[in-house]
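Enquirer: Sequence:
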Amino acid sequence: MNVYGLTGGIGSGKSTVAAMFRDEGIPVIDADRIARDVTAPGEYAYLEIVHRFGREILREDGAIDRKKLGDIVFSDPVRRAELEAVTHPRIVEGIAYALQRHAAEGHPAVIVEAALIHEKGRAGMFDAVIGIRCQRLQQIERLVARDGIPEEKVLLRLSAQMDIDAKARASDYVIDNSGDLEATRDQVRALAARLKHPAT
Numbered sequence: 090m091n092v093y094g095l096t097g098g099i100g101s102g103k104s105t106v107a108a109m110f111r112d113e114g115i116p117v118i119d120a121d122r123i124a125r126d127v128t129a130p131g132e133y134a135y136l137e138i139v140h141r142f143g144r145e146i147l148r149e150d151g152a153i154d155r156k157k158l159g160d161i162v163f164s165d166p167v168r169r170a171e172l173e174a175v176t177h178p179r180i181v182e183g184i185a186y187a188l189q190r191h192a193a194e195g196h197p198a199v200i201v202e203a204a205l206i207h208e209k210g211r212a213g214m215f216d217a218v219i220g221i222r223c224q225r226l227q228q229i230e231r232l233v234a235r236d237g238i239p240e241e242k243v244l245l246r247l248s249a250q251m252d253i254d255a256k257a258r259a260s261d262y263v264i265d266n267s268g269d270l271e272a273t274r275d276q277v278r279a280l281a282a283r284l285k286h287p288a289t
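Residue 150 in my numbering sits at position 61 of the sequence shown, with consecutive numbering throughout.
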């Protein structure tokens with residue numbers, strides 16, 4: 090089974106492209122979903138995060154308010170590293186478990202969708218990395234619309250990540266998500282056929 094990384098800056102369209110790969114029959118492991126699972130109330134990472142960042146980051150139902158936590162860690166690299174030290178080992182464990190399950194099911198290819206593959210030096214964990222790119226203005230507009238946060242906060246979050254074009258250049262394959270959905274889907278369909286049959 091070949092394992093491919095799928096990465097791109099926030100607002101680049103990772104979730105959209107991941108859904109398209111699923112439509113083409115390739116399982117996608119969502120690192121962000123695993124992150125939500127390992128930081129759910131009662132989990133070790135949840136307790137550690139509340140201990141380190143305080144109960145002010147919690148919603149009324151007791152779950153972590155990701156926007157509040159994001160405001161803290163995206164404005165302070167030290168606190169971001171502190172959060173990652175708690176969450177990343179458990180996310181890696183969750184990904185490894187999911188990969189074992191997909192391998193047992195006999196899938197020829199699996200994709201791991203994760204934002205920080207290049208930043209954390211993890212490209213070597215994969216047979217190849219797929220980078221998603223779009224125009225920076227599109228990133229900003231999508232994030233403002235999706236998360237309902239002001240542009241200055243969007244720019245702060247973008248500055249905490251590797252430049253979207255640099256991510257694309259560092260990747261083995263690139264999906265350009267600057268156009269319409271059908272243009273993106275055509276690229277995904279063509280690449281999915283290669284990933285499922287790499288020798289052809």
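Just so you know, the hints here were simulated from the structure itself, not pulled from any lab data. Do not take every clue at face value.
Once the Cα atoms are required to be at most 30 Å apart in a straight line, the calculated BS3-like pairs of lysine-lysine come out as [to be verified]:
(1) K285 to K157
(2) K156 to K209
(3) K285 to K209
(4) K242 to K285
(5) K209 to K242
(6) K285 to K156
Enquirer: Run every hint past the structure and note whether it holds.
Expert: How the hints compare with the structure:
| no. | hint | verdict |
| --- | --- | --- |
| 1 | K285 to K157 | 40 Å, violated |
| 2 | K156 to K209 | 22 Å, holds |
| 3 | K285 to K209 | 27 Å, holds |
| 4 | K242 to K285 | 39 Å, violated |
| 5 | K209 to K242 | 23 Å, holds |
| 6 | K285 to K156 | 37 Å, violated |
In terms of the numbered hints stated before, the structure departs from hints 1, 4, 6, listed from lowest to highest.
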